[in-house]
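*Asks:* These are the residues of each chain, in order.
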Amino acid sequence: MNTQIDDLKALWNKAKSEVPSVEIDTEAIVSQANAKRRSSVVAHILNMAILAVTLVVITLYYFFVMRYSFMLSHVGFGIMFVSLALRIVVEVVSMVRARGISITDSALLNTQQTVLFVKQRRRIHGPYTIAIVACYVLGFALMGPEIYNNLPFYIFVGIYLFFVVGAFVLIVTIHRGIRKELNSLQELLNLRNELCRE
Amino acid sequence: MSAKLSLFNQIYANHHQMVMQLCLGFVNGDRSRAKDLSQEVFINTWNSLERFKGQSSHKTWLYRITVNICLKSLRDTKQTRSVSLDAEQRVEHLLTDDSTSHAAEAALGALYASIGQLNEVDRLIIMMVLDEADYAQIADVMGISEGNIRVRIHRIKQTLKKLMQNEHAN
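Here the protein sequences line up with chains A and B, keeping their order.
Following the numbering used here, the numbering of the first sequence begins with 1 at its first residue and continues without gaps.
Following the numbering used here, the numbering of the second sequence begins with 1 at its first residue and continues without gaps.
Keep in mind that the hints were calculated from the coordinates and are not lab data.
Don't take each hint at face value.
With a cut-off of at most 20 Å between alpha-carbon atoms, the simulated DMTMM-like pairs for lysine to aspartate or glutamate come out as follows [unchecked claim]:
1. B:K59 <-> A:D105
2. A:K16 <-> B:E146
3. A:K16 <-> B:D76
4. A:K36 <-> B:D131
5. B:K53 <-> A:D105
6. B:K157 <-> A:D105
7. A:K14 <-> B:D134
8. A:K180 <-> B:D134
9. A:K16 <-> B:D131
10. B:K157 <-> A:E27
11. B:K4 <-> A:E27
12. A:K9 <-> B:E50
13. B:K59 <-> A:E18
14. A:K9 <-> B:D36
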């Protein structure tokens with residue numbers, strides 16, 4: 001068997017030596033690498049910036065435009081504010097964990113870290129997001145009586161209809177995301193088992 | 001030229017053939033996909049260069065990046081054990097290169113086809129064996145014990161031998 005493996009090694013090394021030694025265009029690789037790193041950072045920052053801007057706009061709108069006075073509205077707004085702030089914190093934690101996955105680690109360690117990351121993403125897109133959306137809906141519902149008092153009835157109905165449709169779209173999107181991540185997790189677990197196989 | 005770029009050029013010049021060959025073996029001789037994978041390996045190499053501590057050789061370090069990128073590509077493309085080209089197409093593809101004899105290319109095509117029938121982890125391990133990596137190096141790259149690697153390599157060699165015989169019979 002060793003002779004055959006030695007033959008295969010010779011064949012392999014011959015093929016390797018024949019990989020064309022194209023002129024090294026490392027500058028192009030470096031510029032692609034830098035662009036990739038930049039786009040990854042920008043995507044994360046943009047994601048959090050959108051959430052943060054939403055938080056600020058909602059707060060400013062609530063205090064300076066709506067100027068609601070019902071205690072129920074304050075509680076509702078508070079719940080919406082906290083749930084959105086929590087979403088931002090969860091996103092930051094997720095980003096930190098993603099950066100902890102190193103491509104230069106061993107295959108097993110890299111796979112284990114990715115499994116932990118995907119499990120965390122699954123929790124974020126599953127129970128965490130559902131709880132946050134539920135809080136958001138509750139907060140909005142608590143503001144309902146004062147919105148009803150301050151806006152014409154048809155606008156009030158329109159807002160709530162839009163809210164229901166939005167919530168439905170969000171639930172479908174979350175469901176799809178969870179299913180996709182479940183598949184990804186199963187593939188990773190299979191890979192980890194394969195790596196650990198005796 | 002910065003020290004980082006100079007080191008990167010050196011790593012690229014010394015190892016790009018090894019990386020390309022591993023990627024070729026992983027994707028069963030599909031040169032276009034191997035080129036994309038190889039490029040991804042060097043993009044990640046550049047982005048990780050500051051983290052290279054010198055605890056292992058550049059070659060072992062590059063093996064780790066290549067193995068992780070190959071395994072990641074499976075998840076990204078939803079590729080399973082099936083191959084994109086059948087054996088005949090692969091050999092025809094290889095035969096278009098005039099630089100080597102047809103017999104050697106056919107043998108190489110059979111080798112890629114046989115390796116392609118192994119599961120992805122075994123595929124990566126045997127390719128490092130063919131690349132003359134030692135057991136300790138492979139164990140370090142895969143993150144499993146040297147004893148385990150030794151047993152697995154023995155099994156993979158036996159499986160590969162059978163697969164090669166089948167390929168030659170076909």
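*Asks:* Flag every earlier hint the structure violates by its number, smallest first.
*Replies:* Going through the list in order, the structure violates hints 2, 3, 4, 6, 8, 10, 12, 14 and respects the others.
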